[in-house]
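Starting from the given sequences, assemble the full structure and let the hints guide the process.
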Amino acid sequence: MVATRPAGEREGHPAVVTRTRHARSGANSAWWAGALLVVLHVLWWWPALRGDEILYARDLWAFGLPFKLEAARQLVAGQVPLFSQALMAPLWSHPSAAIADPGTLVFALLADVHRAAAVSQVLHGLVAAWAAYACARGLRLRPVVATWCAVA
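First residue of the sequence shown: 1, per our numbering; consecutive thereafter.
It should be emphasised that the hints constitute simulated quantities derived from the structure, not laboratory data. Using N, Cα and C, we set each Cβ at its ideal position, and we do this for glycine too. Some hints could be false.
Claimed, not checked - Here are the computed distance ranges between Cβ atoms for each label pair:
(1) LEU82 - GLY138: 12 to 22 Å
(2) LEU87 - TRP148: 37 to 47 Å
(3) LEU36 - SER96: 26 to 36 Å
See the structure below:
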């Protein structure tokens with residue numbers, strides 16, 4: 001009697017075995033990794049989010065903030081922020097103003113400038129951490145290592 005190999009198995013190469021448990025644990029690991037990133041970012045920025053401390057972000061207050069506030073003022077007024085008479089500068093086309101950045105909407109929605117700056121920074125940090133996690137998982141790193149990459 002001659003033994004035959006199962007379909008999909010060649011000599012020296014075992015058949016590919018798929019594990020459903022791996023896909024399931026990956027979804028759970030993505031959930032706890034995302035929760036951990038949100039908790040760590042909120043804890044790190046908590047004093048600035050509450051308004052107890054003022055965010056110091058180098059040139060944001062001196063240069064970037066006037067552009068963001070003017071763009072937010074024009075957005076609230078229902079105008080497209082293209083040019084500012086008060087700053088005598090273009091808003092949309094100015095390379096350092098970053099008006100197309102979604103964080104500009106935070107300045108339009110929140111009245112407190114310091115809290116808006118902190119919320120904008122938290123959102124940017126969360127997007128960057130998520131992108132680092134997705135990149136690490138795309139490189140097939142384990143969820144724990146990808147989370148460590150995103151936190152760093």
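How the hints compare with the structure:
1. LEU82 - GLY138: 12 to 22 Å: 38 Å, violated
2. LEU87 - TRP148: 37 to 47 Å: 43 Å, holds
3. LEU36 - SER96: 26 to 36 Å: 34 Å, holds
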